[in-house]
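When the letters of the sequence shown are read in order and numbered with numbering that gives the first Met the number 0, they come out as residues 0 to 289.
None of these hints come from the bench; they were simulated from the model. Only true hints are included.
The calculated label-pair distances, taken between Cβ atoms and stated as ranges, are:
1. G285 / E112: 41 to 47 angstroms
2. A170 / S96: 27 to 33 angstroms
3. K71 / G22: 42 to 48 angstroms
4. E117 / E177: 17 to 23 angstroms
5. R241 / E275: 15 to 21 angstroms
6. K154 / R257: 37 to 43 angstroms
7. R241 / E173: 23 to 29 angstroms
8. P267 / E177: 42 to 48 angstroms
9. E203 / P107: 26 to 32 angstroms
10. D3 / R210: 39 to 45 angstroms
11. G248 / G38: 42 to 48 angstroms
12. L64 / E173: 25 to 31 angstroms
13. R122 / G39: 32 to 38 angstroms
14. E203 / D233: 17 to 23 angstroms
Every residue, glycine too, gets a C-beta built ideally from N, C-alpha and C.
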Amino acid sequence: MLGDLPVSSPFIRQARLQEHAGGKVRCLTCERRCLLAEGGVGWCRTRQNRGGTLYTLIYGAVSSLSCNPIEKKPLYHFYPGSFALTAGSWSCNFACSWCQNWDISKRPPSGGEFISPEEFVARAREYGCQGTSISFNEPTLSLEWSLAVFPLAHKAGLYNTFVTNGYMTRAALELLVEAGLDGMNVDVKGDGEAVLHHCQADVEMVWRNCRRARELGVWLELTTLVIPGVNDDDACLGEMARRIVDQLGPETPWHLSRYYPAYRFAAPPTPVATLERAREIGLSAGLCYV
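Given only the sequences and the hints, what does the whole structure look like? Please build it.
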């Protein structure tokens, strides 16, 4: 377990966003804002209070590495035809029981290959990529590493992207943009009831971050994994479509993905007809790209 590693380990770095509160430390990386006693770890298990200081346990801890077409993120209107060197780490800050990448997102920090920011950017150039992407698990948990990668990538002429659930704090988002975050695909998993029940999270924080990202000039595309019994009814789909139009603009792309059973969720695969109906709902709401 990485929580047992010494501070001298390359995976262990002081967390960027934290505050002291009554003898404990509060993590300010995501909107869970976990309050940790000495030795405690947060909800995501990637942050630990050691001696009154919060540390990340996954700095440069790469569980997955792949050179992907940017359209796979999916980002369809952002450097089309380009490739992004994509890295994932461990764990997540959502509780989704259908996760397609559960083998890394549901695991606590588990080592992996250490890749420094410099080496990551060098590999991106070596592999002929035009950008970087932090993805596979929730990239917000790799905040400190991303903040080091992004300026180096820009200096090398590469773009930077996140594929995220959008649950970072406002401070974390603004740090990422300042460091060089260029584009995001945000996974909007449903309406408020669905996200609270299945993800144990507040979807309003996601919408807030989407709005703020647009204000800061980040290219934004949204994805919804359409899941039977979770977010596939007309009311839920219509609400999401209208919010995209009203809050982010009708030109914001909305990707509708087909669910297949995974991890602990056993509903049957989403019918293609449901996806076609969802697309019509998006277009009828005024979206240009669904």
